[in-house]
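Sequential numbering from 22 applies to the sequence shown in our numbering.
Please note: incorrect hints may appear among the correct ones.
To be verified - Cβ-Cβ distance ranges computed for the label pairs, FRET-style:
(1) 34 to 67: 48 to 58 Å
(2) 29 to 77: 23 to 33 Å
(3) 24 to 65: 34 to 44 Å
(4) 31 to 59: 18 to 28 Å
(5) 87 to 66: 38 to 48 Å
(6) 53 to 29: 19 to 29 Å
(7) 33 to 77: 29 to 39 Å
(8) 65 to 25: 38 to 48 Å
(9) 80 to 31: 39 to 49 Å
(10) 24 to 85: 27 to 37 Å
(11) 83 to 24: 22 to 32 Å
(12) 84 to 30: 33 to 43 Å
No lab work stands behind these hints, which were simulated from the structure alone. From the three backbone atoms N, C-alpha and C, an ideal C-beta is built for every residue, glycine too.
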Amino acid sequence: MKKHIYILLVVFCTLFVTTLNAQHRRVTITNGIGLQGGVTQFDIISDNLITKKGNGWLGGMAATVDLPNKWYNIS
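Modelling step: build the complete structure from the supplied sequences, incorporating the hints.
Structural data, given as structure tokens:
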């Protein structure tokens, strides 16, 4: 139960800071969140190493920001 409270606290603080303090009103800033994922296959044939075939996965998150009319999105 405590873990849920900490996760909820982190989400609330992140949303509060992002919407109220981090964005200027003069320029429309567009924020985005991206989720990434993939499946991997591993099979190396080598005389020097002992390996065996395997499968795996990977995942990640990304944050994006778009500042319009800015050179390379530099503010």
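Each hint tested on the structure:
1. 34 to 67: 48 to 58 Å: With a Cβ separation near 49 Å, residue 34 and residue 67 satisfy 48 to 58 Å, so the hint holds.
2. 29 to 77: 23 to 33 Å: holds (32 Å)
3. 24 to 65: 34 to 44 Å: Between residue 24 and residue 65, where Cβ atoms are some 39 Å apart, the hint holds.
4. 31 to 59: 18 to 28 Å: holds (26 Å)
5. 87 to 66: 38 to 48 Å: This hint holds: roughly 45 Å between Cβ atoms.
6. 53 to 29: 19 to 29 Å: holds (23 Å)
7. 33 to 77: 29 to 39 Å: holds (34 Å)
8. 65 to 25: 38 to 48 Å: holds (42 Å)
9. 80 to 31: 39 to 49 Å: violated (19 Å)
10. 24 to 85: 27 to 37 Å: With Cβ atoms ~28 Å apart, the hint holds.
11. 83 to 24: 22 to 32 Å: The hinted range 22 to 32 Å holds for residue 83 and residue 24, with Cβ atoms some 25 Å apart.
12. 84 to 30: 33 to 43 Å: violated (20 Å)
In this structure, the hints that do not hold are numbers 9 and 12, in rising order.
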